[in-house]
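Undergrad: Taking the hints into account, I'd like the entire structure generated from these sequences.
Chain by chain, the residues:
There are 2 protein chains.
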Amino acid sequence: MCEALAMGRGGAWVFMAGAALGVCLEALAEWLLRRRREVRVREVLFFPSRVTCVEGLLAAAREDGGKGLRLAPCLCSLPHEESELSRLLARLLSARRSLELCIFAFSCPQLSCAILLLQRRGVRVRVVTDADYMAVKGSQIGILRKAGIQVRHDQESGYMHHKFAIIDKRLLLTGSLNWTTQAIQHNRENVMIVEDAKYVKLFLEEFERLWEDYNPVNYIFFKEKEVPKETNNNPGTERKFNK
Amino acid sequence: MCEALAMGRGGAWVFMAGAALGVCLEALAEWLLRRRREVRVREVLFFPSRVTCVEGLLAAAREDGGKGLRLAPCLCSLPHEESELSRLLARLLSARRSLELCIFAFSCPQLSCAILLLQRRGVRVRVVTDADYMAVKGSQIGILRKAGIQVRHDQESGYMHHKFAIIDKRLLLTGSLNWTTQAIQHNRENVMIVEDAKYVKLFLEEFERLWEDYNPVNYIFFKEKEVPKETNNNPGTERKFNK
Numbered sequence: 001m002c003e004a005l006a007m008g009r010g011g012a013w014v015f016m017a018g019a020a021l022g023v024c025l026e027a028l029a030e031w032l033l034r035r036r037r038e039v040r041v042r043e044v045l046f047f048p049s050r051v052t053c054v055e056g057l058l059a060a061a062r063e064d065g066g067k068g069l070r071l072a073p074c075l076c077s078l079p080h081e082e083s084e085l086s087r088l089l090a091r092l093l094s095a096r097r098s099l100e101l102c103i104f105a106f107s108c109p110q111l112s113c114a115i116l117l118l119q120r121r122g123v124r125v126r127v128v129t130d131a132d133y134m135a136v137k138g139s140q141i142g143i144l145r146k147a148g149i150q151v152r153h154d155q156e157s158g159y160m161h162h163k164f165a166i167i168d169k170r171l172l173l174t175g176s177l178n179w180t181t182q183a184i185q186h187n188r189e190n191v192m193i194v195e196d197a198k199y200v201k202l203f204l205e206e207f208e209r210l211w212e213d214y215n216p217v218n219y220i221f222f223k224e225k226e227v228p229k230e231t232n233n234n235p236g237t238e239r240k241f242n243k
Numbered sequence: 001m002c003e004a005l006a007m008g009r010g011g012a013w014v015f016m017a018g019a020a021l022g023v024c025l026e027a028l029a030e031w032l033l034r035r036r037r038e039v040r041v042r043e044v045l046f047f048p049s050r051v052t053c054v055e056g057l058l059a060a061a062r063e064d065g066g067k068g069l070r071l072a073p074c075l076c077s078l079p080h081e082e083s084e085l086s087r088l089l090a091r092l093l094s095a096r097r098s099l100e101l102c103i104f105a106f107s108c109p110q111l112s113c114a115i116l117l118l119q120r121r122g123v124r125v126r127v128v129t130d131a132d133y134m135a136v137k138g139s140q141i142g143i144l145r146k147a148g149i150q151v152r153h154d155q156e157s158g159y160m161h162h163k164f165a166i167i168d169k170r171l172l173l174t175g176s177l178n179w180t181t182q183a184i185q186h187n188r189e190n191v192m193i194v195e196d197a198k199y200v201k202l203f204l205e206e207f208e209r210l211w212e213d214y215n216p217v218n219y220i221f222f223k224e225k226e227v228p229k230e231t232n233n234n235p236g237t238e239r240k241f242n243k
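Chains G and E, in that order, give the protein sequences. Sequential numbering of the first sequence, starting at 1, is according to full-length UniProt numbering. Sequential numbering of the second sequence, starting at 1, is according to full-length UniProt numbering.
Any given hint could be a false lead.
Identical chains share a label here; the pair holds if one copy fits it or two copies do between them.
Claimed, not checked - Below, computed lysine-lysine pairings styled on DSSO-like, alpha-carbon distance capped at 30 angstroms:
1. Lys137 <-> Lys201
2. Lys169 <-> Lys146
3. Lys201 <-> Lys169
4. Lys169 <-> Lys198
5. Lys137 <-> Lys198
6. Lys198 <-> Lys146
These aren't lab readings, by the way, just hints derived from the structure by calculation.
TA: Structure follows, in structure tokens:
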């Protein structure tokens with residue numbers, strides 16, 4: 001009887017040990033899940049950016065093909081420290097396979113330089129932009145096109161006003177920032193950096209929609225002078241080509 | 001001996017039951033965590049929006065103080081179905097305590113109407129905007145101010161170009177969309193709807209930074225005529241007041 005009682009107590013201890021093990025496993029699973037969430041990139045860059053030298057960053061990417069980004073020494077008078085622009089550039093230069101860029105206005109030479117580096121590195125770059133803004137003075141779109149990068153643009157009454165990029169179909173950069181020096185150095189702007197499969201999928205689908213909508217086979221070339229978007233206030237006379 | 005053996009077997013069973021319970025608890029914890037992640041709002045609205053009637057949505061919010069949003073019957077000729085604008089409005093009208101709005105251009109009457117409804121409902125509304133764009137024809141900023149909503153604006157050389165809103169310090173709406181009828185009905189735009197404490201915190205901090213930077217006690221009123229931003233291409237002559 002005493003022996004049975006002792007075994008009964010032993011059974012209770014075993015039960016408690018099992019339960020404790022279960023709680024530990026549960027805590028471990030929770031910790032792993034939390035860690036998995038934490039390592040996902042969730043960052044926001046707020047502009048204006050301090051004006052810093054990013055030539056070292058670009059030179060390093062140029063030299064080693066982007067295998068490891070490191071700041072090469074530079075002798076110019078600008079501060080050689082991290083800034084919002086350098087962080088944006090570093091994210092862009094991390095691309096290894098693909099870059100989908102959907103940008104309203106693009107005139108920043110440093111960002112253009114980064115895109116050209118990616119193209120030379122063999123990254124598949126595709127650009128969607130706004131027809132009106134790609135023609136303004138300082139636009140980098142012509143430079144990208146000359147380098148062989150595929151660019152498609154709207155032919156609509158409204159603006160192609162997105163400002164997002166998708167890196168390696170994994171990382172989304174999106175926000176209010178047009179890629180212009182004015183916006184980077186003077187405006188209050190934001191760029192969210194999001195590593196989230198759901199958001200990436202939704203923006204990628206939007207990119208592919210635009211890529212098809214703006215297929216050059218659908219472009220219409222006019223002989224007569226068009227009414228510019230800015231002066232067209234009558235919805236009844238809007239240009240509508242692709243829809 | 002046989003009795004002890006039986007109790008030993010009993011102990012093993014108890015151990016296995018404990019272990020099984022542990023595994024079940026672990027699975028439950030994982031399921032709960034996954035579910036918690038899933039119920040978080042992660043949505044993107046892509047514009048242009050179909051033109052639909054949103055009067056029912058606004059009328060319902062007006063009548064019941066936003067306790068439950070339902071579509072009231074409306075006899076106008078527009079389609080009475082969900083659209084990107086109606087989804088944006090429904091998110092806005094879900095505010096119960098606070099709304100921080102940081103918007104470059106605001107001329108959409110329906111969105112303005114929603115903000116006024118929130119103000120009447122007792123939601124604390126604060127607006128930050130761009131000085132140049134709040135003065136253009138059709139801007140809703142004056143209407144909001146007349147209703148007693150606190151509005152602050154920049155006095156900088158660059159634009160206050162953000163387009164985000166924070167609802168109840170819980171939900172973030174951000175993207176490329178200015179709150180104008182042109183952008184909503186004609187442009188290619190995006191609005192991300194994000195329920196993520198980290199992003200909300202970062203954008204709220206940016207809002208509070210701007211709210212302090214644009215405190216009216218820091219405004220400077222000039223007697224001589226200012227050079228408008230649009231024609232000021234020389235960085236050396238930029239207006240810099242707050243920094």
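Undergrad: So which of those numbered hints doesn't the model satisfy?
TA: 1, 5 and 6
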